[in-house]
Amino acid sequence: MSDRKPEFRHPKLTSNAGGYSRRDYEGAMSTLCAGCGHDSTTAAIIQACFELSVPPHRVAKISGIGCSSKTPAYFLGKSHGFNSVHGRMPSVATGANMANRDLLYIGISGDGDTASIGMGQFGHALRRNLNLNYICMNNGCYGLTKGQDSATADLGSIGKRGAPNLYNSIDLCELAIELGASYVARGFSGDKAQLVPLFKGAFAHNGLAFIDVISPCVTFNNTNTSTKSYHYVREHSEATNTFDFVPLQQEILTHYQEGSSQEITMHDGSMILLHKGEPGRDVTNRLQAVTRLEAEKERGRLLTGLLYVNPASRDTHDIINSCQRPLNSLVDADLCPGNAALQELNATFR
Amino acid sequence: MNRIERVNDFVVRFANVNGSGSASANNLFARAIYRAGVAVSPKNIFPSNIQGLPTWYEVRVSGDGHLGRRAGVDLAVAVNGQTLLRDYREVLPGGYFLYDSTRALPDEFDRDDITLLGIPLTTLCNEAFSNPKLRQLLKNIIYVGALASLLDLDFTILTEAITSQFTKKPKLAEPNILALELGYNFAREHHPGRCLLSIRRQPRDERILIDGNSATALGALYAGATVAGWYPITPSTSVIEAFERYAGRFRREEEGTRKVAILQAEDELAALGIVIGASWNGARAFTATSGPGISLMSEFFGLAYFAEIPAVVIDVQRVGPSTGMPTRTQQADLLACAYASHGDSKHLLLFPSDPKECFDLTADAFDLAERLQTPVIVMSDLDLGMNEHLSPPLHWEDSRRYDRGKVLHADDLDRLPGKWGRYLDVDGDGICYRTLPGSHPEKGVYFTRGTSHNEYSGYTEESPIYQAGMERLQRKWQTARTLVPPPEIDTPDDDCRLGLLFFGTTSHAARESISRLAAAGVRVNSLRLKAFPFSDQVIEFINRHRQIIVIEQNRDAQLRTLLLAETGVTADRLQSILHFDGLPITADFISERIQALLEPSTAAAGDTQGEQV
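If you read the sequences in order, they're chains B and X.
Numbers 1 to 350, taken from my numbering, label the letters of the first sequence in order.
Numbers 1 to 613, taken from my numbering, label the letters of the second sequence in order.
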């Protein structure tokens with residue numbers, strides 16, 4: 001098959017702390033268009049998993065339908081993947097997570113999959129604060145059906161089809177903050193240096209981490225008149241912060257000037273070291289986060305970076321008080337009350 | 001005037017206002033008859049409303065044990081002013097009309113063929129009780145007390161029922177018993193011997209009185225369901241509510257957490273998505289819904305069928321199409337469920353006919369879904385789910401183990417010779433081996449997809465590979481035919497050429513018709529269907545008979561359509577008896593229709609009745 005990569009491994013390939021090489025995190029050959037932003041995004045996912053030494057088989061990848069949703073085939077080939085139906089990734093991921101709370105869940109979606117057909121499920125996964133890394137590869141258009149505008153396309157933006165978009169765009173990050181996501185970030189597929197720590201922080205987070213990745217469609221929406229083109233995003237993005245993700249048990253090496261940084265301890269004990277553009281900003285403040293997004297939008301700028309985080313967040317399992325043992329590990333003896341109890345129940349119906 | 005005179009064989013119909021607390025009083029009455037050892041089948045005929053609209057509660061009393069609904073009212077208990085005249089007119093000639101005689105009946109209540117049983121409920125209640133909230137509830141209890149006197153029902157059964165109901169709050173039992181006595185004494189003093197309907201104690205058997213939805217919930221609990229995704233919809237909501245209640249009691253972990261995840265989803269799409277995600281990841285998961293939910297779930301049914309993921313769905317059917325009559329019953333989701341979703345897709349259906357089968361078949365559904373890696377839909381209905389039914393007691397065989405199907409765990413994968421393929425039919429039964437995420441660091445990983453796939457779960461657009469996959473699913477379907485619960489076949493007469501075929505809640509009325517036919521010298525064979533796809537026994541039964549009458553509760557003969565499509569039987573051999581007004585089918589209805597089908601040809605050929613239809 002043409003999408004197979006050769007099995008050969010260079011003997012000098014470096015391994016991470018878990019003994020895995022980068023190749024252990026790769027997947028099949030991409031069948032997306034050459035230069036697609038999504039391929040850079042998956043490369044960043046691979047890099048984040050490698051750097052965190054995530055055991056590949058302890059990850060479950062779940063997606064909806066669309067170009068973005070195809071990508072789980074192109075990374076983490078040693079993880080189970082589930083390419084479900086259009087707009088329904090969140091519910092499938094919810095069920096999967098309920099069955100086994102011990103895996104790392106990466107949900108892949110796109111702007112059509114999330115902001116249109118899957119808007120309901122998106123909102124409710126956020127609201128339940130599912131422990132899911134929800135990555136939306138956002139290119140403002142429907143690629144697989146040849147370039148129709150999506151709900152995140154900006155008003156007046158013109159893609160390859162040539163007609164300006166008539167409607168206002170939906171800001172998924174703003175929505176995510178309002179609907180209850182506990183970790184919200186925006187990255188750009190063209191800025192891997194920023195994207196990798198954003199993913200790492202998300203993976204360490206307990207609760208719903210939403211990462212909106214502006215990921216240009218080279219075929220249908222990379223025109224001079226599109227606001228989701230590589231050129232436009234580079235020119236108009238504004239990083240709210242830069243940060244280092246420091247995994248648990250690793251020494252903190254970076255030092256920022258007093259007052260210009262914020263330390264956030266994550267659920268698993270790792271740290272996010274945030275370098276803020278200006279003093280007084282607090283990334284754990286929802287109101288500030290939304291206000292800043294709106295303010296930058298008014299200036300015609302796209303705010304990127306870690307926008308909001310609640311490090312003390314409680315995920316769905318915490319909320320519903322389900323047991324620590326994964327539900328899929330329970331056997332007959334754990335679950336079945338037995339006939340004697342049933343006979344007592346019968347008596348209550350007499 | 002001829003008053004209806006019957007022992008243990010009549011229908012009492014209560015006419016109440018929704019939300020007035022009548023349900024518990026009416027239940028008390030039905031349970032008292034059950035405790036007297038007499039078969040009882042209560043039917044709640046209620047509006048899609050919370051408060052204020054008319055609601056009825058019909059209790060059929062049958063010493064012979066008939067559990068189907070019977071039309072016609074022998075005794076009306078009319079305490080709803082809005083429907084008083086209608087309730088009055090619906091009493092059968094010779095019947096009885098119990099009403100609140102605090103106010104006199106208007107002039108148009110002028111029948112001379114029924115017996116009036118006036119009880120001044122409001123006056124009695126207001127004289128005895130001062131709390132306004134309590135008054136409304138106890139007014140209902142007063143008429144139950146009156147009924148005990150009128151029907152010669154042992155009064156102690158009622159007082160014992162009250163006492164056991166309020167064991168934890170004995171103070172509440174007192175006014176209830178007082179209310180019972182008020183009604184009882186008034187009726188005894190003012191209407192002695194006027195009502196010729198009576199209850200005579202019979203020996204009690206081991207049966208229980210339980211609603212189907214509670215039994216379904218217990219089935220899921222016993223079968224080890226740990227994840228439930230659901231969306232509220234009448235008449236299925238109480239399945240999940242009962243599951244939550246029992247899980248709270250039986251699924252406690254020592255640390256105080258719960259061995260269950262029950263999520264109220266944003267809609268039915270998500271509800272089934274949650275089930276599929278959980279099942280894919282190795283938990284037993286289910287959802288409960290009704291027709292409108294089935295429509296929304298179609299997309300996910302197709303995914304689960306094609307990607308081969310277990311899913312258990314309880315469909316408590318109500319009246320369609322569209323929103324239809326949400327609080328009335330029907331068996332009209334068969335086609336929508338059997339072939340839910342686009343493309344060639346089909347799903348297993350199970351048909352419980354009483355609460356015990358709700359329990360058993362729900363538990364079986366989990367085994368079948370995991371064994372066959374496909375959706376299984378338990379086809380209950382509003383009548384079965386929300387009404388209390390006399391049912392054999394529930395039983396769980398402690399030696400029973402869950403059939404988790406063909407799942408390869410880490411050690412299986414280590415031992416596995418050769419290459420594993422998710423959709424490789426190793427055993428030739430169409431069922432392949434699956435693995436669960438996270439189980440092995442190197443082996444058994446695969447990519448689940450709703451797109452066309454090869455035996456190794458890789459995407460394919462190769463026609464022969466796609467076609468082979470679809471044919472393999474068909475092979476699995478054939479395997480399913482051998483695994484589903486067998487039908488219940490009754491063949492009193494080997495030579496009989498007429499067979500009745502029915503399923504679910506139609507069964508009680510159908511059986512009653514069969515016994516009536518037998519009493520009239522007409523013998524018919526019968527088959528009660530328990531599952532789709534149809535097993536060989538079903539096909540043999542059809543082939544053995546010249547004529548089959550399919551009895552079902554929908555307009556379009558949906559089961560007949562399924563039989564025609566799936567068994568190769570010719571259309572002329574299947575006739576239909578169809579009942580679809582939203583109320584449970586009756587033996588009278590079935591008997592009349594069978595008679596009509598039998599008569600013309602009997603006249604023409606003069607042969608024995610059973611052979612002619």
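A couple of the hints might just be wrong.
[What the hints assert, rightly or not] Below, a list of computed lysine-lysine pairs in the DSS-like style, where the Cα atoms sit at most 30 Å apart:
{"no.": "1", "chain 1": "B", "residue 1": "K78", "chain 2": "X", "residue 2": "K443"}
{"no.": "2", "chain 1": "X", "residue 1": "K133", "chain 2": "X", "residue 2": "K169"}
{"no.": "3", "chain 1": "X", "residue 1": "K169", "chain 2": "B", "residue 2": "K78"}
{"no.": "4", "chain 1": "X", "residue 1": "K171", "chain 2": "X", "residue 2": "K133"}
{"no.": "5", "chain 1": "X", "residue 1": "K443", "chain 2": "B", "residue 2": "K12"}
{"no.": "6", "chain 1": "B", "residue 1": "K146", "chain 2": "B", "residue 2": "K160"}
{"no.": "7", "chain 1": "X", "residue 1": "K476", "chain 2": "B", "residue 2": "K78"}
{"no.": "8", "chain 1": "B", "residue 1": "K78", "chain 2": "X", "residue 2": "K406"}
{"no.": "9", "chain 1": "X", "residue 1": "K133", "chain 2": "X", "residue 2": "K168"}
{"no.": "10", "chain 1": "B", "residue 1": "K12", "chain 2": "B", "residue 2": "K146"}
{"no.": "11", "chain 1": "X", "residue 1": "K259", "chain 2": "X", "residue 2": "K171"}
{"no.": "12", "chain 1": "B", "residue 1": "K78", "chain 2": "B", "residue 2": "K297"}
{"no.": "13", "chain 1": "B", "residue 1": "K192", "chain 2": "B", "residue 2": "K160"}
{"no.": "14", "chain 1": "X", "residue 1": "K443", "chain 2": "X", "residue 2": "K406"}
{"no.": "15", "chain 1": "X", "residue 1": "K259", "chain 2": "X", "residue 2": "K168"}
No wet-lab data here; the hints were simulated from the structure.
Quick rundown of the hints versus the structure:
Between K78 of chain B and K443 of chain X the CA atoms are separated by roughly 8 Å; this keeps the pair inside 30 Å, and the hint holds. Taking the CA atoms of K133 of chain X and K169 of chain X, the gap is about 17 Å. The hint holds against a cut of 30 Å. Straight-line distance between C-alpha atoms of K169 of chain X and K78 of chain B comes to about 60 Å, which puts the hinted pair past the 30 Å bound. For the hint linking K171 of chain X to K133 of chain X, the alpha-carbon distance of about 16 Å falls within 30 Å, and the restraint holds.
Straight-line distance between C-alpha atoms of K443 of chain X and K12 of chain B comes to about 25 Å, which keeps the hinted pair within the 30 Å bound. For a cut-off of 30 Å, the pair hint linking K146 of chain B to K160 of chain B stands: about 9 Å separates their Cα positions. Proposed proximity of K476 of chain X and K78 of chain B is supported: the alpha carbons are some 29 Å apart, at most 30 Å. Simply put, K78 of chain B and K406 of chain X have alpha-carbon atoms about 21 Å apart, close enough for the 30 Å limit, and the pair holds.
A hinted pair counts as satisfied when its Cα atoms are at most 30 Å apart, and K133 of chain X with K168 of chain X qualifies at roughly 20 Å. Under the criterion of a C-alpha separation no larger than 30 Å, the hint pairing K12 of chain B with K146 of chain B is inconsistent with the structure, at around 43 Å. Between K259 of chain X and K171 of chain X, the direct Cα distance comes to roughly 36 Å. Violation of the 30 Å bound is thereby established for this hinted pair. At roughly 40 Å between alpha-carbon atoms, K78 of chain B and K297 of chain B are farther apart than 30 Å, so this suggested pair is violated.
A distance of roughly 26 Å separates the Cα atoms of K192 of chain B and K160 of chain B; the hinted pair therefore holds under the 30 Å criterion. Restraint check for K443 of chain X and K406 of chain X: the C-alpha separation of about 16 Å stays at or below 30 Å, so the hint holds. Restraint check for K259 of chain X and K168 of chain X: satisfied, since their Cα atoms lie roughly 28 Å apart, inside the 30 Å limit.
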